[in-house]
Structure formats: structure tokens, C-alpha cells
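Q: In case you want the letters, here they are:
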Amino acid sequence: MNKSTEQESKQEEQQANVASSKASNTKVVKKLLLIVFGMFGFGFALVPLYDVFCDITGLNGKTNDVAVTYTADGVDTSRTVTVQFITRTAKGIPWQFEPVINEIEVHPGEVKFVKFYAKNESTRDIVGQAVPSVSPGIAAEYFQKIECFCFTQQPLKASEDVEMGLQFYVDLELPPEVTTLTLSYTLYDITGSADSSS
Amino acid sequence: MTTDVLNDQDSHESEHHDDSHDHGKMTGIKRWLYTTNHKDIGTLYLWFSFIMLLIGGALAMVIRAELFQPGLQIVEPDFFNQLTTVHGLIMVFGAIMPGFVGFANWMLPMMIGAPDMALPRMNNWSFWILPFAFAILLSSFFMESGAPNFGWTFYAPLSTTYSNGSTAFFVFAVHIMGISSIMGAINIVVTIMNMRAPGMTYMKMPLFVWTFFITAYLLIAVMPVLAGVVTMLLTDTYFGTSFFDAAGGGDPVMFQHIFWFFGHPEVYIMILPAFGIVSTTIPAFSRKKLFGYSSMVYATASIALLSFIVWAHHMFTTGMPLFGELFFMYCTMLIAVPTGVKVFNWVATMLRGSLTFETPMLFSIAFVILFTIGGFSGLMLALTPVDFQYHDTYFVVAHFHYVLVTGSLFSMYAGAYYWMPKWTGHMYNKTLASWHFWCSLISVNLLCFPMHFLGLAGMPRRIPDYALQFADFNKWVSIGGFAFGLSQLIFLAVVIKCIKGGEKAPAKPWDGAEGLEWTVASPAPYHTFTTPPKID
Chain A
1 MNKSTEQESK QEEQQANVAS SKASNTKVVK KLLLIVFGMF GFGFALVPLY
51 DVFCDITGLN GKTNDVAVTY TADGVDTSRT VTVQFITRTA KGIPWQFEPV
101 INEIEVHPGE VKFVKFYAKN ESTRDIVGQA VPSVSPGIAA EYFQKIECFC
151 FTQQPLKASE DVEMGLQFYV DLELPPEVTT LTLSYTLYDI TGSADSSS
Chain B
1 MTTDVLNDQD SHESEHHDDS HDHGKMTGIK RWLYTTNHKD IGTLYLWFSF
51 IMLLIGGALA MVIRAELFQP GLQIVEPDFF NQLTTVHGLI MVFGAIMPGF
101 VGFANWMLPM MIGAPDMALP RMNNWSFWIL PFAFAILLSS FFMESGAPNF
151 GWTFYAPLST TYSNGSTAFF VFAVHIMGIS SIMGAINIVV TIMNMRAPGM
201 TYMKMPLFVW TFFITAYLLI AVMPVLAGVV TMLLTDTYFG TSFFDAAGGG
251 DPVMFQHIFW FFGHPEVYIM ILPAFGIVST TIPAFSRKKL FGYSSMVYAT
301 ASIALLSFIV WAHHMFTTGM PLFGELFFMY CTMLIAVPTG VKVFNWVATM
351 LRGSLTFETP MLFSIAFVIL FTIGGFSGLM LALTPVDFQY HDTYFVVAHF
401 HYVLVTGSLF SMYAGAYYWM PKWTGHMYNK TLASWHFWCS LISVNLLCFP
451 MHFLGLAGMP RRIPDYALQF ADFNKWVSIG GFAFGLSQLI FLAVVIKCIK
501 GGEKAPAKPW DGAEGLEWTV ASPAPYHTFT TPPKID
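Protein chains in written order, with our numbering: chain A, 1 to 198; chain B, 1 to 536.
It cannot be assumed that every hint is accurate.
Some chain A residues well away from chain B (every beta-carbon gap over 12 Å; in silico) [stated by the list, open to error]:
no., residue
1, 32
2, 59
3, 70
4, 71
5, 76
6, 77
7, 102
8, 110
9, 119
10, 128
11, 129
12, 159
13, 164
14, 174
Okay, the calculated beta carbon distance ranges per label pair [what the hints assert, rightly or not]:
no., chain 1, residue 1, chain 2, residue 2, range
15, B, 318, A, 119, 30 to 38 Å
16, B, 58, A, 157, 28 to 36 Å
17, A, 98, B, 392, 28 to 36 Å
18, B, 434, A, 51, 55 to 63 Å
19, A, 86, B, 385, 23 to 31 Å
20, B, 469, A, 119, 41 to 49 Å
Simulated coverage check for chain B against chain A, where a stretch passes if three residues somewhere in it have a Cβ under 8 Å from a Cβ of chain A [as the list claims (entries may be wrong)]:
no., segment
21, 252-260
22, 396-407
These are calculated hints, taken from the structure and not from any lab test. Computed from a predicted model, the values in this text were never measured in an experiment. All C-beta atoms in this analysis are idealised placements derived from N, C-alpha and C, irrespective of residue type, glycine included.
Isolated chain A, as found in the complex (with noise of 0.2 Å):
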């Protein structure tokens, strides 16, 4: 065989490289973009993955935000939980807003009744929203509303006052080493993109 028959042959077997290296490119590059993609979406993913997950393991102290009904199995007269109300306003926000009683003592499947203080000490319509959150997180899941204020927004005129009620209970699984469940609200200011139904 010549020398220059097999230059020729190389170079065509490295033509055929070429051509086969350049589809295998793009292959690779597709594979690698769905990666990309999917892990775009896999942060957005992770929103609601994150609140299944808090929901499971009750972290973060999150409460239901839609009305239960009542379900438990009778009241539990042996046991006795304190359930203490803590409120605070967020920045921004010029209302009063306070518990009417602070804490109150409750038996396991009993349904309580309380209410909370607010008012607009400021010279514009606010409309609030309060955000609840139980601690210890672990008996977050155990805290049933039946019916919140913080369900809806909470519109209130200039100077107008109003007391907002909350109708609970707590579960009669809630751990025997729970005695005390501290409800905290946290009122923002949602004026700006409240419903314009409300």
C-alpha cells in the first residue's frame, strides 16, 4: 500500500469521526439540557415539596388554613392543655391587635371559643391578614380550627375596631408530653394586594 492511498484512508475514517462524534454532540447536549430544564423545575418543584413536607412531620408549626368540622371521639376530662395566644404586627402595619384572653386551660376534644382585638389606629383603610403558627411545631397537627378569622382577610376602615373570634380544639391524640401549645398570629398588611372582592 502507498503512502499517500493510505493517508486518504485515514483521513476519510477521521471524516466519519467527525460525522459521528458531531451527532453523539448533540445527543449529549439534549440529555444534558433535559437535566437543565428539570432541575429549573425542580426548584419550583420544591415549593410545594416543602410544604408536604412540613405537613407530614409537622415542622414549622403550621396550622390547618381551611375550617374543619368537629370529629373528635368525646372530650378527654383527664387531661388538661394550656393554650397560650401571643399576637404581633408585622412592619408596616398601624393596627392593635391583641388577644382578649391570653391563655386558657382546655380538655383534649373540647371546643373553645375565643377572641381577638383589632383595630385601624391609622387614617386609611388596611385590609390585615393573620398568619397563625403553633409551637412546639410537633403539636401543629393536633391544633384544629373550626372557624378563624385568619381565614380571610380582615378589611377594617380608618379608626374602626372589631373583635375577631377563633373556634378550636385539640385532638385527643395530642402527645401525652405536650401540656402546653403557645398559637402565635402575625397581622401584615395586605393592602396593596388584597381581593378586591373582600
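Following the hints, put chain B in place on chain A, whose structure we already have.
A: Relative to chain A, chain B alone:
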């Protein structure tokens, strides 16, 4: 033209060089704007990274000038916050990451015997969108609202509800940086998978190639998450969504989870390539093969995998349950094992080697020692109970400056001095290089070591003023900071001198060096390995 037939750039196999097909260089600005040549793009990346280092360094100098003594002297607290934020963003996304991509562009094709990167046109894109990203970010300094002032970690609600109006600029800049990094990473993966010379199996690749391979995968996995989280930030701030707003049912702590899910792999993105560089330089100047090559590969891979399950160690003080704290603490400490494997391998490589101490070796040894100090302070931070004391103090600042400055940056200096003869065709000025090393080494320790004590004593980070008892240490830190910043100008001088002239470098200036890049002439011809070399 060298006698080496492999580099015959006029050979007719130039079809190899994709469809860009340029037979020579264009001249002037067009050469750089239109280039698809991996060496040109590598050079662009490296210069860009160095310019960003100087800009970020200048911001740091203002920070240190303000902290030179207690009280407010030079800048207002809000502007101080802008300085710390942009300093962090510039250094992470502008200096360290593009710097390593520059090394990858220059060296990867030569190390695996490929004529160029697999996707040269995309390579051009991924560089040229970067200057725009940083122009957007830096332009916010000149606007009424000012630059981002919420820390480089941009925690919500600081960056949403309490933003000074710079959030949109920040978000779009990060989007562009992210796209650039993703394109660069895809290019690296495709190049390594498809362009290796015949006979170069995965386990024959230089460790440098391995670390970039794994880093590129990390980038592909987490940069999209960063893009997602900044997008949520954008819609929260401007479009009324409530991802991180408790008033609308969101959760600000969730921001930290998503951010650090990106953020922790990100810190390994910034250090794994450094491991690759020193794993190249230390064997060269020890005149021995790298000790434990395959254990190095596996250690790199396991660090990368573990990096996905440790993110919450940045969040111990957010009120995590005890189980979570223990889980993230133990996982974090587990990373010390593969990292320890690496450090011991480097030491074992040097053991009984015939060592010489050229500048790249000096930077590499400094890397091993100082990075290990940074690793140990990281271990201290990993311990949940003590982290409650160290959290957000100067101890954290000391920790990540040890791993990023004396770690990542020093490794890049080691790599730059090591390959500069190959890049420019000249030896660097050894006296100036020694000055650069010793000035940097002394000043960086004066800069960063006292920060440990400040942090342990309780000085918080990101604060323009401090209690009087911290005054002495802060003065030292500031002096170290100015000295370190100025020392980097010596490097600029070295590089310019080296490009302009100097002692001619042979194809292989280091007698212990190994690798295909030393089989081509110095300076490396514009096109190399148009015919792939044979690897046995």
C-alpha cells in the same frame, strides 16, 4: 512550526475544527469578538476574571478602609451593605467561576488531545454574555436606588419586601451569569465525553480533567435551581406572588432552603477545579506520579454527591428540629473524609519526592496548608452547638476567605504560573513572581487570620461599625487587606512582562511535568491536535 507532526496547523484535516473553519486568526477586536478558538476564549475568560478580581478587590478595600477604625468614617451603612453584597457577587460569579472556566477552555482540549472544545460557537456565546451580566450588576451602583444591598446570599425578605429597588438588576444579572455557566458546563461535559484522543479512557484522564468533568455536572444540576430561586424573588418583588412572603402563605425560611440547595454545591464548584490544578502541579514539582489517582477521582465524586445533602448546615439557627440539625451536622462532617483523602494524597505525593520550589509549587503548597486551615474552621462551623455562637460572625468570614482566597484563588495562581510558559511562550519573571507569592502569603494571613479571633469574640459580619474592643485586630486585618490587594498588581506586572517577552520557554519547561499539553510547542500553536495523538 514545530517538528512535531501533530501540530501541523496547515494540515488538511481542518474539517476537525468544526464549521468555523478559520485558517488563521482575524485581527484586532474582531478576532476576540468572533473567536471560536478555545485558547482565545480561555484567554478572554482569564482576563475577565482578573479584571473582576481587581474590581471586587477595590470594593473590599473600601470595606476595609471603613473598618480600619470603629465608627463611621468613609461610607454610609447602606452603601457599606452594597459594597459587601457586590464584593461577594463579583468574587464568586465574576472572578472565581469564570477564572476556572478560563483554565478549562485553555487546558482541557490540550490535555485530552482534542483540537478544540466540542461546541466552539456556544463557547463564544457563553463568554460574551458575561460582560453584560456584570455591566448590569455594576451599573446599579450609579442609579438612584443603589446597588443590591441584601448580601450576596440575597435572603428574602431583605431582597423582596425591603429591597432598595435593585432586585430586578440583580436578578437579570444572575440569570445571564447562570446561562453563561450552564453553557460553559455543557461544553465541558460534551468535550470530555466525545473528544478524548483514542486510547484515553476515563481513568487515564488527568485529574484536572476529572475535577472539571464533575464540576460541570454540579453546575448543570444547581445553576438552574439558582435561576429558579431568583425568578421567584423577582415575581415576589414585582408581580405579587408570595413564595417567600408569610402574609400570602409563603415562607421566608423556604428561600434559604432553596438558595442553599444551590449554594452548597456552588462552594464545591469553586473548589473542585482547584483540587484539579494542584493535583497537576504538585506531582510535577515533586517529580512523582500523583499518589492515589483513583482514590482522588472517587473522593472528588463523593464530595460532589455529598454536597447535595448538607445545605441546611448554613441554617442551623433557623429553628430546625434537633433531628435535622444532627443529620446535617453528620453529613457535613462526612465530607471531611474524602477531603482528607485528598489532602493526605497531596502530602503523600510530596513525601520523598525530589521537590523544587518554583512559584507554582509555592502557591500549591500554600494552598494545601491554608486550604486545610479553612477546612478545619469549616468543621468547627459544622458542629451545630458551636455554630450557634459562630453563626454570622467574622469567624465565618475567615473560614470562607481561607477556602476561597488561599484555596481557589491560590490554586489559580499556581495554575497560571505553571501554564504561563505554555500560554505566552516565555518564562515569567521569577523575581517578581516570588515577590508576588511572598507578599500575598504574608498579607493574606494578616488579612484573614485575625478574623477568626474577631469572630470568636463576637464581631458580626456585614456591619460597618463595631465595638471598641475589636479595634486592634481590625486595624491589622485592614492593613493585611490593603497589602494583599496591592500585591495582586505584582501579578498583573508579571503577566504583562511575560506576554511582552522574557526568557524563551521550551515546549516542556518543567522537567517533572506530565501531560499532552507539554508535547506541543510553547507558546501553544493556535490550533493543536488537529490529528489526535495516540495514547497507550
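Q: Give a verdict on every hint.
A: Verification of the supplied hints:
Not every CB of chain B lies more than 12 Å from the CB of residue 32 of chain A, the least distance being 5 Å, so the non-interface label is violated. For residue 59 of chain A, the requirement that its beta carbon stay farther than 12 Å from each beta carbon of chain B is not met, with the minimum near 6 Å. Separation of residue 70 of chain A from chain B is adequate, the least Cβ-Cβ distance of about 25 Å exceeding the 12 Å criterion. With a closest Cβ-Cβ approach of about 25 Å to chain B, residue 71 of chain A is found to remain outside the 12 Å limit, as its non-interface label requires.
For residue 76 of chain A, the shortest C-beta to C-beta distance to chain B comes to about 27 Å, beyond the 12 Å cut-off, and the non-interface label holds. Listed as a non-interface residue, residue 77 of chain A keeps its Cβ farther than 12 Å from every Cβ of chain B; the least gap is roughly 31 Å. No beta-carbon of chain B comes within 12 Å of the beta-carbon of residue 102 of chain A; the shortest separation is about 23 Å. For residue 110 of chain A, the condition that its CB be more than 12 Å from all CB atoms of chain B holds, with the nearest at approximately 29 Å.
With 12 Å as the threshold on Cβ separation, the claim that residue 119 of chain A sits away from chain B holds: the shortest Cβ distance comes to roughly 19 Å. With a least CB separation of 9 Å from chain B, residue 128 of chain A falls inside the 12 Å interface cut-off, contrary to its annotation. Consistency note on residue 129 of chain A: stated as away from chain B, yet its beta-carbon is not over 12 Å from all of that chain's, at 5 Å minimum. No beta-carbon of chain B is positioned within 12 Å of the beta-carbon of residue 159 of chain A; the least distance is around 23 Å.
Even its closest Cβ contact with chain B, about 17 Å, leaves residue 164 of chain A beyond 12 Å, as expected for a residue assigned away from the interface. For residue 174 of chain A, the shortest C-beta to C-beta distance to chain B comes to about 18 Å, beyond the 12 Å cut-off, and the non-interface label holds. At roughly 33 Å, the beta carbons of residue 318 of chain B and residue 119 of chain A sit within the given window of 30 to 38 Å. A hinted range of 28 to 36 Å for the beta carbons of residue 58 of chain B and residue 157 of chain A is inconsistent with their spacing of about 53 Å.
Remark: the range hint 28 to 36 Å for residue 98 of chain A to residue 392 of chain B is upheld by a beta-carbon distance near 32 Å. Distance hint for residue 434 of chain B and residue 51 of chain A: a CB-CB separation of about 58 Å, consistent with the stated range 55 to 63 Å. Distance hint check: the CB atoms of residue 86 of chain A and residue 385 of chain B are about 28 Å apart, consistent with the given range 23 to 31 Å. Taking the beta carbon of each, residue 469 of chain B and residue 119 of chain A are about 46 Å apart, inside 41 to 49 Å as hinted.
Counting residues of the segment 252-260 of chain B whose CB falls under 8 Å from any CB of chain A gives 4; the rule of at least 3 is met. Residues of the segment 396-407 of chain B lying with their CB closer than 8 Å to a CB of chain A number 0, which falls below the three-residue condition for coverage.
When held up to the earlier numbered hints, the structure conflicts with 1, 2, 10, 11, 16 and 22 and fits the remainder.
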